[in-house]
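Trainee: Sequence:
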Amino acid sequence: MNRLFSSAARTVSLSSRAIRTPATPARLAVSGVRFSSNDHGAESFADFSKRYTAFFDNAEDLFELQRGLNNCFAYDLVPGVDVIEAALKASRRLDTYSTAVRILEGVREKVENPKQYEAYLQELKGIREELGINTKEELYGEH
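Going by our numbering, the residue at position 124 of the sequence shown is 124; the numbering climbs one at a time, nothing skipped.
FYI, nobody ran anything at the bench for these hints, they're computed from the structure. Since the model is a prediction, treat every value here as computed from it, not as a measurement. Wrong hints could be hidden among the right ones.
Listed below are the simulated DSSO-like cross-link pairs for lysine-lysine, each with C-alpha atoms no more than 27 Å apart in a straight line [said to hold, decoys possible]:
hint, residue 1, residue 2
1, LYS115, LYS50
2, LYS89, LYS125
3, LYS50, LYS110
4, LYS125, LYS50
5, LYS89, LYS115
Computed spacing ranges between beta-carbons, pair by pair [said to hold, decoys possible]:
hint, residue 1, residue 2, range
6, LEU121, ASP57, 19 to 25 Å
7, LEU139, PHE73, 16 to 22 Å
8, GLU138, ASP47, 32 to 38 Å
9, GLU43, GLU142, 33 to 39 Å
10, PRO114, ARG51, 25 to 31 Å
Heads up, the beta-carbon is just placed ideally off N, CA and C, and yes, glycines get one too.
All chains, full assembly: derive it from the sequences and hints.
Mentor: Below, the structure written as structure tokens:
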């Protein structure tokens, strides 16, 4: 019994010494450096459009499409017609009509004035007719 107690006391003594030993800078090693996760800091509009067009062309599920839309619309710019077209195609391919309507709503909110929105709708008229996508205004009237 005494032997068991002295063995346990020795273990506690050794472990408590390890806890109390302060880590000195000489003992710390840098395992790696993490740089900013923003790899697109100096990206041109053409590169942005190419990246998001490819992203939407390869979107495999609704979550991925919505994540891409959130990221794309978070930038301080209005996505180009080619990006919006790819997003509309992806939404119809993934059978989510409501997302397609919301994409057009997002464009309406991002542009500076109603004339720009009308210009986008005119540019997208062919793909909208092909895919059967209406705007919110066409579905529910003007608000």
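Trainee: Now look at each hint and say whether the structure bears it out.
Mentor: Comparing the hints with the structure gives:
{"no.": "1", "hint": "LYS115 to LYS50", "in the structure": "holds (25 Å)"}
{"no.": "2", "hint": "LYS89 to LYS125", "in the structure": "holds (13 Å)"}
{"no.": "3", "hint": "LYS50 to LYS110", "in the structure": "holds (19 Å)"}
{"no.": "4", "hint": "LYS125 to LYS50", "in the structure": "holds (21 Å)"}
{"no.": "5", "hint": "LYS89 to LYS115", "in the structure": "holds (24 Å)"}
{"no.": "6", "hint": "LEU121 to ASP57: 19 to 25 Å", "in the structure": "holds (22 Å)"}
{"no.": "7", "hint": "LEU139 to PHE73: 16 to 22 Å", "in the structure": "holds (21 Å)"}
{"no.": "8", "hint": "GLU138 to ASP47: 32 to 38 Å", "in the structure": "holds (33 Å)"}
{"no.": "9", "hint": "GLU43 to GLU142: 33 to 39 Å", "in the structure": "holds (36 Å)"}
{"no.": "10", "hint": "PRO114 to ARG51: 25 to 31 Å", "in the structure": "holds (29 Å)"}
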